[in-house]
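Dock chain B against chain A, hints included.
Protein chains: 2
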Amino acid sequence: MVSISILGSGNVATHLISAFSKADSIHINQIYSRDMKAIQHFKNIANLTDDINSLEPVDLIIIAISDDAIPEFSKKITSKSLVVHTSGSVEMTSLLGNYPKGVFYPLQTFSKSTEVDFSTIPICLEADNDNSLKLLTKVASLISNKIYFINSNQRKKIHLAAVFVNNFTNHLYDIGNSICTENDIPFEILYPLIQETTNKIKNISPKQAQTGPARRNDQKTIENHLKQLSPQRQEIYSTLTKSIIKTYTE
Amino acid sequence: MVSISILGSGNVATHLISAFSKADSIHINQIYSRDMKAIQHFKNIANLTDDINSLEPVDLIIIAISDDAIPEFSKKITSKSLVVHTSGSVEMTSLLGNYPKGVFYPLQTFSKSTEVDFSTIPICLEADNDNSLKLLTKVASLISNKIYFINSNQRKKIHLAAVFVNNFTNHLYDIGNSICTENDIPFEILYPLIQETTNKIKNISPKQAQTGPARRNDQKTIENHLKQLSPQRQEIYSTLTKSIIKTYTE
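Chains as they are written, first to last, in the numbering used here: chain A, -8 to 241; chain B, -8 to 241.
Excised from the complex, chain A in its bound form (with noise of 0.2 Å):
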């Protein structure tokens, strides 16, 4: 049995505490936060504390707060055990106490709202010793069937790459709801050619799989369409336009 504790109230740490419930060999100890009105639904799940300093030993802390605020929350921690963040874009030192330290990073992107089955998310570890790796790796495979071994200046790419094929993206799909609700289409129409862009990458690469008016450097096409947008998605458009027509002719 591993006896954890859980520090914060969002979504990440909503999520991790309904996964560790959920877990054999997995006892949730403590769950804090400042605010405890937060925490009152887990309240028959684990021990529910606002008090920094009555932190009982276990064998994990899990710190589940908002990025900025880690360097200095995790100076008030003064257990021994292991005590990890899960965040994609903080170092690992970024953890300021008197502790061995590690990342329990899940990749995925959480709405408080929305169930997530996590045996298929990505969870990405590093520790600063062979010990708590262990500890983590074994934390992880109870909940996920997918665990990669990620250090800081990787879990940052992983950040950056994120943002690319996750934010960006969703605000094409923004723009492309626009463009239909402005026409009177159904959004819904494209959401088969969303699924099958997405499909298609796992079988051939993103590079391979490229097609359109700037693939085939169609200039007729893409002057057709700029003429239809608005200067901002003008930008968009011969931003990325320009960008795949560098790629395929680099």
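Watch out, some of these pointers could steer you wrong.
One copy or any two copies: either way a pair holds, since identical chains are not told apart in the list.
[What the hints assert, rightly or not] Within a straight-line C-alpha distance of at most 25 Å, the following computed SDA-like cross-link-like pairs (lysine to any residue) qualify:
#1 K198 / D175
#2 K71 / R207
#3 K198 / S85
#4 K137 / D108
#5 K198 / P222
#6 K125 / P177
#7 K198 / N174
#8 K211 / N142
#9 K198 / Q225
#10 K13 / I138
#11 K211 / Q199
#12 K147 / T202
#13 K147 / N208
#14 K237 / P183
#15 K193 / D175
#16 K66 / N2
#17 K198 / R224
No lab work stands behind these hints: they were computed from the structure.
Same frame as chain A, but now just chain B:
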């Protein structure tokens, strides 16, 4: 029984022939290509021809050739049958012969090697008279569950939106893949995130689903990300970030 002839040997023609040949109540009469070799493998499915003047009377003639070639090619058809093209970006009135006209546009990205399930592909229909539209609806419903009545202007807009959600999104996947490869990270680590980004917009609008540094106007993270990118990728990052910030501050 609806009798159909298909003119063309590309991706769309190939997938349509495959779908129609499996459908009840559809008889493929002739398949035309100027290059007989390109359609030899259909010899057990229909009569083959490379002579545009030998087209026999059928209920429906489908032109599935490259966009640019449609107007000139369509002049050569002397049939009195309904003639449609399958293009997203070509107007119905670009069919220049003296016959009833229409459009039969399957909204999907096709590659010859990948099997597609036509039942889930949206088919956009247009015709210059009610009888033709009825016939197209009947044919479309024999291979797909998703039928939309879309005029030429709307179809042009769908094609434009598709560039954003398919071609440009794929290029962002390519950048994500490159960032991973350059840092010894397997690209597959991002698949669940990519899939979830796609799933989310079926439940909430992309506008609501937006997350990330640009959405939070988190200048510290944005600056940090820009420093890690090549000029080409910086331009994409800046342009999309600017557009996201603008979308949520207006």
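Practice problem: Classify it for me, K147 with N208: is the Cα-Cα distance of at most 25 Å met within a copy, between copies, both or neither? | Solution: Cα proximity of K147 and N208: across copies only (19 Å, versus 34 Å in one copy).
Exercise. With 25 Å as the alpha-carbon cut-off, assign the pair K198 and S85 to within, between, both or neither.
Key: Neither: 36 Å inside a copy, 33 Å across copies.
Quiz item: Is it within, between, both or neither when you check K193 against D175 at 25 Å Cα-Cα?
Solution: Cα proximity of K193 and D175: across copies only (18 Å, versus 33 Å in one copy).
Practice problem: Check K198 against D175 for me: Cα-Cα at most 25 Å, and say if that holds within a copy, between copies, both or neither. | Solution: between (33 Å within a copy, 18 Å between copies)
Quiz item: At most 25 Å between C-alpha atoms: does K237 with P183 qualify within a copy, between copies, both, or neither?
Solution: For K237 and P183, neither the intra-copy (28 Å) nor the inter-copy (29 Å) Cα distance is at most 25 Å.
Exercise. Could you figure out if K198 and N174 sit no more than 25 Å apart (CA to CA) within one copy, between two copies, both or neither?
Key: between (31 Å within a copy, 17 Å between copies)
Quiz item: With identical chains treated as interchangeable, where does the CA-CA distance between K211 and N142 reach 25 Å or less: within a copy, between copies, both, or neither?
Solution: between (46 Å within a copy, 22 Å between copies)
Quiz item: Can you tell me if K125 and P177 fall within 25 Å by alpha carbon in one copy, between copies, both or neither?
Solution: Classified as between; 21 Å across copies, 50 Å inside a copy.
Exercise. Give the relationship of K211 and Q199 under a CA distance limit of 25 Å: within one copy only, between copies only, both, or neither.
Key: Classified as within: same-chain Cα gap 23 Å, cross-chain 34 Å, threshold 25 Å.
Self-check item: Homomeric proximity label, K13 with I138: Cα distance no greater than 25 Å
Solution: within (19 Å within a copy, 43 Å between copies)
Exercise. Could you place K198 and R224 in one of the four classes (within, between, both, neither) given a Cα distance threshold of 25 Å?
Key: Both. Shortest intra-copy (24 Å) and inter-copy (15 Å) distances satisfy the 25 Å Cα cut-off.
Practice problem: Tell me, please, which holds for K198 and Q225 at an alpha-carbon limit of 25 Å: within, between, both or neither? | Solution: both (23 Å within a copy, 19 Å between copies)
In summary, the numbered hints that this structure violates are 2, 3, 14.
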